[in-house]
Amino acid sequence: MEFLRNMPFFCIILSMVSAVIISIMSDKAARVFSLIVIGAVGIMSSLTLIYVVSIGESYTYYMGHFPAPWGNEIRVGILEAMTATLFSIVMFASVLGGMKRVFIDVAPKKRNFYYIMVDLLLAALLAMIYTNDLFTGYVFIEIMTISACALIMIKDNGHCLVAAAKYMIMSLIGSGLILLGLSMLYDLTGHLLMSNIKEAIELNEASGLYQLPLTVTVGVLCVGIAIKSALFPFHSWLPDAYGYSTATSSALLSSLISKGYIFLLIKIMYRVIGMDVIRETRIGNVFFVFGVVGMIMGSVRAIAQTDVRQMIAYSSVAQIGYIYMGMGLGTELGMLAAIFHIFAHSSAKSMMFISADGLSYVSDDSKEFDDLGGSAIKNPIAGITFTVGACSMIGIPMLAGFIAKVCFADAAINASTIKLVIVMLALAFSTLLNAVYFMRAIISVYRPIKEEDQMKIYPRNPKFIVACLIFIGLNIYLGTNAQPILDLILEGIGMFA
Amino acid sequence: MFKELITNLFTNYYETAAVIIFGIGFTTLLLNKNLIKKIIGFNLMDNAVYLFLAAKGYVAGRKAPIVVNNVMDVNAYINPIPAGLVLTGIVVSVSVTAIMLALTVKLYRRYHTLDIDEIAIISRKGGI
Chain S
1 MEFLRNMPFF CIILSMVSAV IISIMSDKAA RVFSLIVIGA VGIMSSLTLI YVVSIGESYT
61 YYMGHFPAPW GNEIRVGILE AMTATLFSIV MFASVLGGMK RVFIDVAPKK RNFYYIMVDL
121 LLAALLAMIY TNDLFTGYVF IEIMTISACA LIMIKDNGHC LVAAAKYMIM SLIGSGLILL
181 GLSMLYDLTG HLLMSNIKEA IELNEASGLY QLPLTVTVGV LCVGIAIKSA LFPFHSWLPD
241 AYGYSTATSS ALLSSLISKG YIFLLIKIMY RVIGMDVIRE TRIGNVFFVF GVVGMIMGSV
301 RAIAQTDVRQ MIAYSSVAQI GYIYMGMGLG TELGMLAAIF HIFAHSSAKS MMFISADGLS
361 YVSDDSKEFD DLGGSAIKNP IAGITFTVGA CSMIGIPMLA GFIAKVCFAD AAINASTIKL
421 VIVMLALAFS TLLNAVYFMR AIISVYRPIK EEDQMKIYPR NPKFIVACLI FIGLNIYLGT
481 NAQPILDLIL EGIGMFA
Chain A
1 MFKELITNLF TNYYETAAVI IFGIGFTTLL LNKNLIKKII GFNLMDNAVY LFLAAKGYVA
61 GRKAPIVVNN VMDVNAYINP IPAGLVLTGI VVSVSVTAIM LALTVKLYRR YHTLDIDEIA
121 IISRKGGI
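Here the protein sequences come in this chain order: S and A. Quick note on numbering: my numbering labels position 282 of the first sequence as 282, and the sequence is numbered without any gaps. Quick note on numbering: my numbering labels position 50 of the second sequence as 50, and the sequence is numbered without any gaps.
Don't take each hint at face value.
[As the list claims (entries may be wrong)] One side only, chain S facing chain A, incomplete, derived with CB under 8 Å:
id : residue
1  : Glu142
2  : Ile146
3  : Met153
4  : Gly176
5  : Leu180
6  : Gly208
7  : Leu209
8  : Tyr210
9  : Leu212
10 : Pro213
11 : Thr215
[What the hints assert, rightly or not] Now the in silico label distances, taken between C-beta atoms and shown as ranges:
id : chain 1 : residue 1 : chain 2 : residue 2 : range
12 : S       : Gly64     : A       : Ile66     : 21 to 29 Å
13 : S       : Leu432    : A       : Asp115    : 38 to 46 Å
14 : A       : Asn34     : S       : Glu57     : 52 to 60 Å
15 : A       : Asn70     : S       : Met63     : 28 to 36 Å
16 : S       : Val216    : A       : Lys63     : 47 to 55 Å
17 : A       : Glu118    : S       : Leu425    : 35 to 43 Å
18 : S       : Met63     : A       : Ser95     : 18 to 26 Å
19 : S       : Trp70     : A       : Ala102    : 31 to 39 Å
20 : S       : Glu332    : A       : Ile121    : 33 to 41 Å
21 : S       : Leu425    : A       : Asn32     : 17 to 25 Å
22 : S       : Gly39     : A       : Ser95     : 28 to 36 Å
23 : A       : Ala102    : S       : Ile418    : 43 to 51 Å
Honestly, the hints are just simulated from the structure, not real lab data. Beta carbons are placed, not taken as given, at the ideal position from N, Cα and C, and that holds for glycine.
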């Protein structure tokens, strides 16, 4: 069992090394190899989860057995291991389901580059989840930005290049602010390790020193991460990046990359600044307001779209709003709801992007609702997957989205009265809007097809079917088996403090 | 209060300059339409943070932490971590600048302009 302590380190190093090795592989070998690596990371992460649950406490792992100031540290708790496991499952299914589309969209000579970027992204995600050192976190934020930008621009058309440029500009602003925030935090505390910073901040707090600079630092860090994870007023880059890039890239961007940043933010709130100081700075109220506005505005914009991918992209803006709203409630239950929504949204949104691609595959590669009529009948598995994803996002019972919404409502009851009223109204209104645009989408893909179209036969794609089944299974599992997962998340939050 | 503020700003003039340069870079990156100028703005912004870190890491009268003449006193040397952070940060910003320049070259070859607004309008109208 002791050997299992090394697993998180193996995950990170395996995905980084494989990214290097893939550069000399052929296209087909790269595809298979990268799937094997993602699968292996998934298995190792679940072993880590089992180990951490069995020992019942978090542990710190020293890279190369050098203690803190000389070596680098990673820290493993239940929440980290759970997130890593879920992210690798979602990534596996997204890469598998969109493989054919990558083959079509990417130029032959560049196809193995795509899988380099996927593996690099996995390494950056894992390192951001596990790291105990803020500056390591910053370096991997930049690696993630670069690989995300490459994933968008690898489909070589005008829309994707413009989307990549917009993404890159907003991302650079975000990471510049994060870097400034980190430097100021280092300046205030003299440490870069998360636990040491927290001790120093507690000392400062007790002596009443540096209150104002600390508030500014928290603000700068939070705004930087909010820009990178596309919280409402900073979402201008999002629709193009999600709407035009190849299906796997959209799935990875919406379900993993933005969630990775939010996970880092939660970690900073708990492990670096400390929740008491965060509550004093009232940054939670800012998150709450922008989250609620984002929930409504994202859904309103989604209704206006005629393109299925753009609609799902605007829906992501609304869902990110939900997560920030939960974080802004400022209670443990609110954070629990936000973390569960991270899981629910990353399993449902990637599923919708992959299945929407399957639907447009049988509709002459069009993404407009007018052309998608009947596509769910031509490609039944994509239709079912799309419907399950949409139902999960609306919040139909038995699916993950429902549990998340119940958790938000439950958390709101335990918050202050004004927040309770706002959350309930926003939840009701936003669910209504979700139902409007998702139902319209489902109805239009199930329109009866014309007779001359019935003759056309599309070849089945076994990889796509397997990916769809994984996604459906994951959503139903999260929706029907939520209580143990919620308990584990609560235990994980306890380990953060 | 006001006098104290001004005195503090002038005593820590490196940090003041760093934050001003950060602001210039930030607004250039956000508001300028020209892609090349945006990249320049980004580099200004990052370099301002490095100036901030380097200024924080320097203590007057102390030396770089390399032991010469067997001086083992800790107070004779500065802390090397800020310098290490600056070096790491430079590597990161060089690679990001490289990918941004590559993207700019691709956009320029396709649209024959560096104005990001114009490029967005052309691509939205279904130009290419």
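Could you see if the CB distance from Leu425 (chain S) to Asn32 (chain A) stays within 17 to 25 Å? violated, 40 Å
A closest beta-carbon separation below 8 Å is what the hint needs, so does Gly208 (chain S) meet it against chain A? It is violated, given that the least Cβ distance between Gly208 (chain S) and chain A is near 17 Å, above 8 Å.
Using 8 Å as the Cβ threshold, decide whether Leu209 (chain S) counts as touching chain A. Not OK, violated: Leu209 (chain S) not within 8 Å of chain A, min 15 Å.
Ser95 (chain A) and Met63 (chain S) - C-beta distance against the hinted 18 to 26 Å: holds, 22 Å
For the pair Glu332 (chain S) and Ile121 (chain A), does the Cβ-Cβ distance stay inside 33 to 41 Å? Violated, at about 48 Å.
Next item in the hint list is Leu180 (chain S). Is there a CB on chain A closer than 8 Å to its CB? With Cβ-Cβ at 5 Å, under 8 Å, it holds.
Agreement of hint Thr215 (chain S) with chain A interface, Cβ distance less than 8 Å: violated, 16 Å
Minimum beta-carbon distance criterion (8 Å), Gly176 (chain S) to chain A: holds, 5 Å
Tell me if the interface restraint on Met153 (chain S) is satisfied: Cβ within less than 8 Å of some Cβ in chain A. Given a least distance of 6 Å, the restraint on Met153 (chain S) holds.
Cβ-Cβ distance between Asn70 (chain A) and Met63 (chain S): within 28 to 36 Å? holds, 32 Å
Glu142 (chain S) as an interface hint toward chain A, with CB separation required under 8 Å: holds, 5 Å
Per the hint of 31 to 39 Å, is the separation of the Cβ atoms of Trp70 (chain S) and Ala102 (chain A) within bounds? Holds, at about 36 Å.
Violated hints, listed in ascending order, are 6, 7, 8, 9, 10, 11, 16, 20, 21; each of the other numbered hints is respected by the structure.
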